[in-house]
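Protein chains: 2
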Amino acid sequence: MQLQPESRRVTDQPQPSRRDLLSRIGAVAGSSAMYLAMTSLGLAAESQYSGPITLDGDPKGASVLILGAGIAGMVAALELRKAGYTVTVLDYNARPGGRTWTIHGGDTYTELGGETQDCRFAEGLYLNPGPWRIPYHHRGMLDYCKRLGVALEPFIQVNHNAYLHAKNAFDGKPQRYRTVQADFHGAVSDLLAKAVNADTLDHTVSKDDRESLLASLRSFGGLNADYTYKTGPTASARRGYDKPPGGGMGAEPTDSVVTSASDVLKSGLWRALAIAQDYDYQTTLFQPTGGMDMIARAFAREIGDLIRPNTKVTAIRQTNQNVTATWTDPTTGEHGTTTADWCLCTIPLSILSQIDINVAAPMQDAINAVPYAPGMKIGLQFKRRFWEQDDAIYGGISYTDLPITQIAYPNSDYLHDGPGVLLGAYPFGPYAYEFTALPPAERIRKAVEWGAQIHPQYKAEFEHGIAIGWHRVPGALGCYGQWSTEARDKHYKNLCALDGRILLAGEHASYIPAWQEGALLSALDAITRLHARVMSP
Amino acid sequence: MQLQPESRRVTDQPQPSRRDLLSRIGAVAGSSAMYLAMTSLGLAAESQYSGPITLDGDPKGASVLILGAGIAGMVAALELRKAGYTVTVLDYNARPGGRTWTIHGGDTYTELGGETQDCRFAEGLYLNPGPWRIPYHHRGMLDYCKRLGVALEPFIQVNHNAYLHAKNAFDGKPQRYRTVQADFHGAVSDLLAKAVNADTLDHTVSKDDRESLLASLRSFGGLNADYTYKTGPTASARRGYDKPPGGGMGAEPTDSVVTSASDVLKSGLWRALAIAQDYDYQTTLFQPTGGMDMIARAFAREIGDLIRPNTKVTAIRQTNQNVTATWTDPTTGEHGTTTADWCLCTIPLSILSQIDINVAAPMQDAINAVPYAPGMKIGLQFKRRFWEQDDAIYGGISYTDLPITQIAYPNSDYLHDGPGVLLGAYPFGPYAYEFTALPPAERIRKAVEWGAQIHPQYKAEFEHGIAIGWHRVPGALGCYGQWSTEARDKHYKNLCALDGRILLAGEHASYIPAWQEGALLSALDAITRLHARVMSP
Numbered sequence: 342m343q344l345q346p347e348s349r350r351v352t353d354q355p356q357p358s359r360r361d362l363l364s365r366i367g368a369v370a371g372s373s374a375m376y377l378a379m380t381s382l383g384l385a386a387e388s389q390y391s392g393p394i395t396l397d398g399d400p401k402g403a404s405v406l407i408l409g410a411g412i413a414g415m416v417a418a419l420e421l422r423k424a425g426y427t428v429t430v431l432d433y434n435a436r437p438g439g440r441t442w443t444i445h446g447g448d449t450y451t452e453l454g455g456e457t458q459d460c461r462f463a464e465g466l467y468l469n470p471g472p473w474r475i476p477y478h479h480r481g482m483l484d485y486c487k488r489l490g491v492a493l494e495p496f497i498q499v500n501h502n503a504y505l506h507a508k509n510a511f512d513g514k515p516q517r518y519r520t521v522q523a524d525f526h527g528a529v530s531d532l533l534a535k536a537v538n539a540d541t542l543d544h545t546v547s548k549d550d551r552e553s554l555l556a557s558l559r560s561f562g563g564l565n566a567d568y569t570y571k572t573g574p575t576a577s578a579r580r581g582y583d584k585p586p587g588g589g590m591g592a593e594p595t596d597s598v599v600t601s602a603s604d605v606l607k608s609g610l611w612r613a614l615a616i617a618q619d620y621d622y623q624t625t626l627f628q629p630t631g632g633m634d635m636i637a638r639a640f641a642r643e644i645g646d647l648i649r650p651n652t653k654v655t656a657i658r659q660t661n662q663n664v665t666a667t668w669t670d671p672t673t674g675e676h677g678t679t680t681a682d683w684c685l686c687t688i689p690l691s692i693l694s695q696i697d698i699n700v701a702a703p704m705q706d707a708i709n710a711v712p713y714a715p716g717m718k719i720g721l722q723f724k725r726r727f728w729e730q731d732d733a734i735y736g737g738i739s740y741t742d743l744p745i746t747q748i749a750y751p752n753s754d755y756l757h758d759g760p761g762v763l764l765g766a767y768p769f770g771p772y773a774y775e776f777t778a779l780p781p782a783e784r785i786r787k788a789v790e791w792g793a794q795i796h797p798q799y800k801a802e803f804e805h806g807i808a809i810g811w812h813r814v815p816g817a818l819g820c821y822g823q824w825s826t827e828a829r830d831k832h833y834k835n836l837c838a839l840d841g842r843i844l845l846a847g848e849h850a851s852y853i854p855a856w857q858e859g860a861l862l863s864a865l866d867a868i869t870r871l872h873a874r875v876m877s878p
Numbered sequence: 342m343q344l345q346p347e348s349r350r351v352t353d354q355p356q357p358s359r360r361d362l363l364s365r366i367g368a369v370a371g372s373s374a375m376y377l378a379m380t381s382l383g384l385a386a387e388s389q390y391s392g393p394i395t396l397d398g399d400p401k402g403a404s405v406l407i408l409g410a411g412i413a414g415m416v417a418a419l420e421l422r423k424a425g426y427t428v429t430v431l432d433y434n435a436r437p438g439g440r441t442w443t444i445h446g447g448d449t450y451t452e453l454g455g456e457t458q459d460c461r462f463a464e465g466l467y468l469n470p471g472p473w474r475i476p477y478h479h480r481g482m483l484d485y486c487k488r489l490g491v492a493l494e495p496f497i498q499v500n501h502n503a504y505l506h507a508k509n510a511f512d513g514k515p516q517r518y519r520t521v522q523a524d525f526h527g528a529v530s531d532l533l534a535k536a537v538n539a540d541t542l543d544h545t546v547s548k549d550d551r552e553s554l555l556a557s558l559r560s561f562g563g564l565n566a567d568y569t570y571k572t573g574p575t576a577s578a579r580r581g582y583d584k585p586p587g588g589g590m591g592a593e594p595t596d597s598v599v600t601s602a603s604d605v606l607k608s609g610l611w612r613a614l615a616i617a618q619d620y621d622y623q624t625t626l627f628q629p630t631g632g633m634d635m636i637a638r639a640f641a642r643e644i645g646d647l648i649r650p651n652t653k654v655t656a657i658r659q660t661n662q663n664v665t666a667t668w669t670d671p672t673t674g675e676h677g678t679t680t681a682d683w684c685l686c687t688i689p690l691s692i693l694s695q696i697d698i699n700v701a702a703p704m705q706d707a708i709n710a711v712p713y714a715p716g717m718k719i720g721l722q723f724k725r726r727f728w729e730q731d732d733a734i735y736g737g738i739s740y741t742d743l744p745i746t747q748i749a750y751p752n753s754d755y756l757h758d759g760p761g762v763l764l765g766a767y768p769f770g771p772y773a774y775e776f777t778a779l780p781p782a783e784r785i786r787k788a789v790e791w792g793a794q795i796h797p798q799y800k801a802e803f804e805h806g807i808a809i810g811w812h813r814v815p816g817a818l819g820c821y822g823q824w825s826t827e828a829r830d831k832h833y834k835n836l837c838a839l840d841g842r843i844l845l846a847g848e849h850a851s852y853i854p855a856w857q858e859g860a861l862l863s864a865l866d867a868i869t870r871l872h873a874r875v876m877s878p
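First to last, the protein sequences are chains G and D.
If you're matching positions, the first sequence starts at 342 in the numbering used here and goes up one per residue.
If you're matching positions, the second sequence starts at 342 in the numbering used here and goes up one per residue.
I should point out that these hints are in silico values taken from the structure, not numbers from a laboratory.
Given the structure is predicted, the values throughout are model-derived calculations rather than measurements.
A few of these clues could be false.
Footprint (simulated), chain D over chain G, 3 or more residues, beta carbon under 8 Å [stated by the list, open to error]:
hint	stretch
1	492 to 502
2	515 to 525
3	539 to 547
4	572 to 583
5	586 to 597
6	613 to 620
Below, in silico cross-link-like pairs of lysine-lysine (DSS-like), each with a Cα-Cα straight-line distance of 25 Å or less [as the list claims (entries may be wrong)]:
hint	chain 1	residue 1	chain 2	residue 2
7	G	K724	D	K487
8	D	K787	D	K508
9	G	K548	D	K508
10	D	K548	G	K607
C-beta: ideal position from N, C-alpha, C; glycine also.
Kindly produce the complete structure, drawing on both the sequences and the hints.
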């Protein structure tokens, strides 16, 4: 089984100067921000975001040209205008948001290569092709959602009743998450208890800890009083029942039969249990009610007047005095230039590396150093929410080692009648390339065919779908900047440093790649440094 | 540390006749119900509920007196009236719902002993003193919510950023759930990997399984390539960072420092990790938007006209022809009798055991055999949602070994400004008795004092609270029927069997005690048997 790893962060860890940061925050923002900052910089803190940014002092009409109206560009536009800058935003797309994008029924999408898909989702149904969840520790995103009035609802990451599936495990029959979890925890705890009781860990576990360890294994693993994991009421209270308890006569439950340790281990299905332990996927996660584009729309309500859409930048040239972007409007044929004192460029490096830009070698090398990760999402509409009605799966994610990698169920409108849209495929890596190489209709056909191995109802209930392969999305040409440790060591600081009058921002200029929070924090850091430069004598 | 066990089910497991049940369902309800039933009776099924009940045939005006307008009584009233019965419901309370109850601002509550509390919660804030969550496998409750138009939202059970606290662990400093989870999984996996690599489990783990086991421990435990759990990027990606990753310059994360296996084991905080593995607390859980009483109100919209409120039943007498309840109305002084052909009594056994009822010894003995569990809930209103703003805790539960046992955060209105209400105490067992023995104001004072050990903000932000001790709730005199295995073996069937013209229902007449689903399934089973009796020649 090859469940796709969802964790993508590359981590290094030099020591920051916390005291300096704290005293700066305290000086500009008072004790309440100081408290918040202390909390967020304390042990196991949640975020480097520590409350609304303050750009003090009058920039005296300095102008900033922002390229790209994704999260980074829109955050920067909002804050820079508020600080007194003259701001213009040029964006490639017809809609603001960049990869913060939601496809609704009635939308039309043309990918690189010319294939056009008409989204026929029913009213209120949607697919987020890009970001789809916001963790509790993405405090920047949460704060902007709050300030901009974006309603949030929980995103269900772990659903104990969703399926785990592998082609070669359990004869290809999907298993419930809860049974795999219970049987894996049980197997591991049972084995370790045996080792402890056989005194084989005496040199590792002290006498004092031995009793605590055994008690913890019994509790954690659902073991019986003799420290074994086996079919019975204790295991059923974790993994579920063959016949669940009921009411009145004949209400006694019947235990389900546990899977042997060997079968659980061989299945590889335990791989899925690690996912929700990842810091990025821990609860509580959120999604904007109605689609991730609610965030883009909320920003656009504030700074939409600053954005020129449908604007393809072809060159970025700076002088000692200013920066000029040359652009064309493919929808009208119009072309022109826009000039400002400074430029904040948030264009993905996959595109920027193809644009004529006169920056020095360190930044240009950095721009060229980051490949973009492949990724694809397919939204499938079905006549009814059979996953709820037949399978009792309300939101969350089923995982499989098929190329679709997962099936994610809508985390809203629970128990509704009528059609529903689920995420029918979300491949990364080679699978994403293979999928994206197919025409959209074929991608969808394959997703339905594979998904039917987990949900046989697919065949009777499928209506239509839409397939977004990020390497074919014209404004992105990839999912996110995929830094290697080596590339980060060599290029990251050069990517982020001010080059003359040009500064970069976006998820690629962060240590939180692929996440909106990375784009947001990168933009706040960039404009803070830009402002300091503007205000310096 | 003595975290209160939340699991309360007592399980036995005789074998049911599934084939019989399936053919009955197929005969009366067609193939769609048959499919649903097959699903729900399959391996590791979710519920004994298999779709709307069908009571075929004309009861020819037979009348049923239902005692109690909780979930059991209201479900029975709805279905019996639909089937053609003449139905009357007598209820002790002024409001329908029984223990399905929500306290809102403006409500007044007088407990046994005469203490009256005025609830001063702000608009939209509430406490569910009784049931507060609905698991995905309570398909009866979910189906009635759907049919009655009750909106549901996710109930967050596990919040990785909530706290685990024990007086004698970590100097009384609360720990984040995520750090305890990561460090416990890490410690257990590290130890078992050591045992495997020392070949001490060779007789237990086959060569084939050995590699899978080591790979699974590395994945599950967040181990490094050498199968050790220690401070570094891999552990931080689970437990969180000292300085989390950010954007732009200085964005590199700093690892947090892992806790030693010995300290994790000694702390006892691992006890909390088992809770969400319990079948009853697995995701996806729901709560009705606005309070659990939305369910009571929805039922009342359907059958409220059948309910006589404020009606205290003092005697239940049956003859060969009918059943008569004698009652008084404490609010008006009115008293009278109500007679019907049959009686479905859903009054809690804690009360029923004190009422004059002429049933045979087996049922009377059963009524007297079940003590009621103690339980208490305290709702606390604070000036602001500091747990979100300061602690990044959005919904979910913090656990402690203090008598309050837990602090549960609201799973709605995330990120809102203004005051919020949290569950400040939810003790069971001895703690619940001790709490309930205090006057309400004192209970609240203690909850605030203890809670401040976890959230120091309590002291500055607390406004007011309300405290419901179930042993002092006049219509209930306890939380739920606490069956012992011995009592079940001896009395359960006698409790559920028809005695002349009297039948009992409620969570006490189920194998899902303390849950609304138990009450619901018990009522459906009871009226199915009652109807069969009425229709039999």
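Evaluation of the provided hints:
Residue count for the stretch 492 to 502 of chain G with a Cβ under 8 Å from a Cβ of chain D: 8. That meets the three needed, and the coverage hint holds. Under the rule that three or more residues need a Cβ within less than 8 Å of chain D, the assignment of the stretch 515 to 525 of chain G holds, with 6 such residues. Using a Cβ-Cβ cut-off of 8 Å, 6 residues of the stretch 539 to 547 of chain G lie near chain D, which meets the minimum of three, so the contact claim holds. Residue count for the stretch 572 to 583 of chain G with a Cβ under 8 Å from a Cβ of chain D: 8. That meets the three needed, and the coverage hint holds.
Against chain D, the stretch 586 to 597 of chain G contributes 12 residues with a C-beta closer than 8 Å to a partner C-beta. That satisfies the three-residue criterion, and the hint holds. For the stretch 613 to 620 of chain G, the stated coverage by chain D is satisfied: 5 residues place a CB nearer than 8 Å to a CB of that chain, which reaches the threshold of 3. As the CA atoms of K724(G) and K487(D) are separated by approximately 18 Å, the hinted pair is consistent with the 25 Å bound. In summary, the hint linking K787(D) to K508(D) is supported, as the alpha carbons are separated by about 16 Å, within the 25 Å threshold.
With a C-alpha separation of about 23 Å, the suggested pairing of K548(G) with K508(D) holds against the 25 Å cut-off. For the given pair, K548(D) sits about 12 Å from K607(G) by alpha-carbon distance, which is consistent with the 25 Å threshold.
Checked against the numbered hints above, the structure violates none of them.
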